[in-house]
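S.K.: First to last, the sequence lines map onto chains A and B. Position 77, counted from 1, in the first sequence is what UniProt numbering calls 77; the numbers after and before it change by one each time, with no gaps. Position 259, counted from 1, in the second sequence is what UniProt numbering calls 259; the numbers after and before it change by one each time, with no gaps.
No lab work stands behind these hints: they were computed from the structure. Fair warning: there could be bad hints in the mix.
[Unchecked claim] Quick list of in silico lysine to any residue cross-link-like pairs, SDA-like style, CA-CA up to 20 Å: (1) B/K211 / A/G133; (2) B/K204 / A/A72; (3) A/K74 / B/F202; (4) B/K204 / A/D107; (5) A/K131 / B/K211; (6) A/K74 / B/Q200; (7) B/K204 / A/A104; (8) B/K211 / A/M91.
[Stated by the list, open to error] Far from chain A, by Cβ distances over 10 Å, these chain B residues were calculated: (9) I34; (10) F55; (11) L108; (12) Y130; (13) V283.
Think of the CB as a built atom: it goes at the ideal place given N, C-alpha and C, for glycine as much as any other residue.
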Amino acid sequence: MAEIVLDKVTKRYPDGALAVSDVDITIADGEFIILVGPSGCGKSTTLNMIAGLEDITDGELRIDGQRVNERAPKDRDIAMVFQSYALYPHMSVRENMAFPLRLAHVDKETINRKVEDAARILDLGQHLDRKPGNLSGGQRQRVAMGRAIVRDPKAFLMDEPLSNLDAKLRVQMRTSVAKLQRRLGTTTVYVTHDQTEAMTLGDRVVVMRGGLVQQIGSPQALYDQPVNLFVAGFIGSPSMNFLPATLADGQLNTPLGAVPLTDRIRRLAEAAKAPREVIVGLRPEHFEDAELLDDTERARGVTFTATVEVLESMGSDKFAYFLVEGETATSAELDTLAAETGSTEMTDSGPQIVTRLSAASAAHEGAELDVWFDPDKLHLFDPGDGRTLTHVK
Amino acid sequence: MKAITEGKKAERRLGLWLCAPAALVMVAVTAYPIIYSVWLSLQRYDLRFPAEREFVGLENYVTVLTNSYWWSAFGVTTLITVISVVIELVLGMALALVMHRTLVARGLIRTVALIPYGIVTVVAAFSWRYAWDDNTGYLAQLFAPDAAPLTQRASALGIIVLAEVWKTVPFMALLLMAGLALVPEDLLKAASMDGAGPWQRFTKVMLPVMKPAILVALLFRTLDAFRIFDNIFVLTSGAQQTGSVSMQTYNNLIRGLNLGIGSTMSVLIFIAVAAIAFLFVKVFGAAAPGNDGGKR
Ligand SMILES: Nc1ncnc2c1ncn2[C@@H]1O[C@H](COP(=O)(O)OP(=O)(O)O)[C@@H](O)[C@H]1O
Ligand SMILES: [Mg+2]
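I would like the entire structure built from these sequences, with the hints used as guidance.
M.R.: Quick look at the structure:
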């Protein structure tokens, strides 16, 4: 059990690369915190600094109030699970899990008991005497977890522990990891590049980009109140739609037509000193097929008509893609987001919009559809620096 | 045995055919001389007395195996082999670790380290001989003004081992470095996290994971060292009982022109070498690097 504090932690690699800069995170005792961000944003580096596998260039790392910058990994009492699992190939499952205990000179009986306990929790009982090479991916992953939990360490660090599993197993293991963490109540720092994993697992999520922390908050807070374009685009699936817009006379001129500003949004935008040119963000799930709404609801929102380019029926709902006339939103922030998340759909004819409609929608490809959205749900961003203009204080 | 499908059978037949040319060449260049040596070893055949040539069965083997010079040479060979291979393993591992870890001028360091291995053994042996010679030897003079280490058995053997080690440590290091590359970085990180210090990481993780590569390196070097000839030939010519079994064979076969006894000795060396290889492969389970024995 431990509180972990990163105080202006910076990492510069010997080759001069600045991998992490000025990271401030306070991880409460027992908390499950997720570091998420695109590949290369410094998640692993941050984790390795907490582990002691990488030196901290600048700043301070405290565990339970004590500075541990100079402590060797083995003196930090932290366990780590690697993406590659890093199981010792020459040892059986039992020996793998017992290894940290043996190094700590725990007596044989206690080792046996702890290994058996861990094996029971992780459902590895019948595999204890097998070599890792003979196990399936999921089993290896559980052995790696087992090796971490037998020690009852102050904290768990996990670096993309599920990324080598197939999609279905990953979802299953996600649930078991969450359950296990709740059951043990051990402070856990979990690294992933997958925003779904981040949203479903953590108490709090730290979104990183280019070595900088973008936002720290609960999954819901990140979804509802992204502080900038990057977080807005990174969190949520499918991603938020971004459109260029002009603020004038209490309304927004967008490629979808004029959108009246609700009182709430107007106040927020004024408080944030919004410029004239802005970027509007609309989440796919905040659209609906206008046909399915009653008149009062329709009147509350904005309706536009567009042709369905592509329709993906998921059973539970339908994803409809539209091309809209007009400009594509441009911002340096959006460009890096697209580059870093690898979404490079270039459309010459105008911005593309993804909407998530009810399964009951009669939309079909090539046909026009009346689409409705709630203007109170929109986000505004400054195209210059990407900051949000609709931040609730 | 499980039934083999038709496809598998065809595959095997193709495999055999593909191996055939190589196998033929092997038979021509190795099997034939070996069989001919065995044939010669069963005869009394001394080129000085060609008329006395006759088939004597295992008599030559009895002669050699009851001869104290043979056993002395065998003992010397084993001693040199064991001591030099052990030292080579330790130094080779140290060198491999250094070369594996260096980040700067990696290529240069590796090339420099390999120089001794690139020098012809006889040339290297001569430089060692001059260094330890009782008149010219600059190293010999370091110990005493009139030291003659090459003329005393223990010191001569020491110098032979030194020359052998100096020459082959780079080769050992190269083989071991291939093994080091097989140890994933994550494994060592995991061991650090599990509480292992540097020595424990080395003995409990690195060495076991590298075991196949170490065995191969040891096998190569042991086979090589057991046949030691050139260093001894140049340094002492086998004087003061420093001759190896290969020296003895040479003395009988080439100098003594005794084809029967000489062939018997080479067959015995062949058997010893085969036994060493068998020991490594079957008992320790040596396999090619990267191949974990196929059974684990
Ligand atoms: N050993 C290293 N030496 C130099 N640069 C490194 C090293 N490890 C990582 N980096 C750089 O640091 C940045 C962050 O890497 P990393 O923490 O591994 O990212 P992530 O885990 O988020 O994908 C990357 O730009 C990467 O190229
Ligand atoms: Mg990483």
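S.K.: Honestly, which of those hints from before does the structure not fit?
M.R.: none
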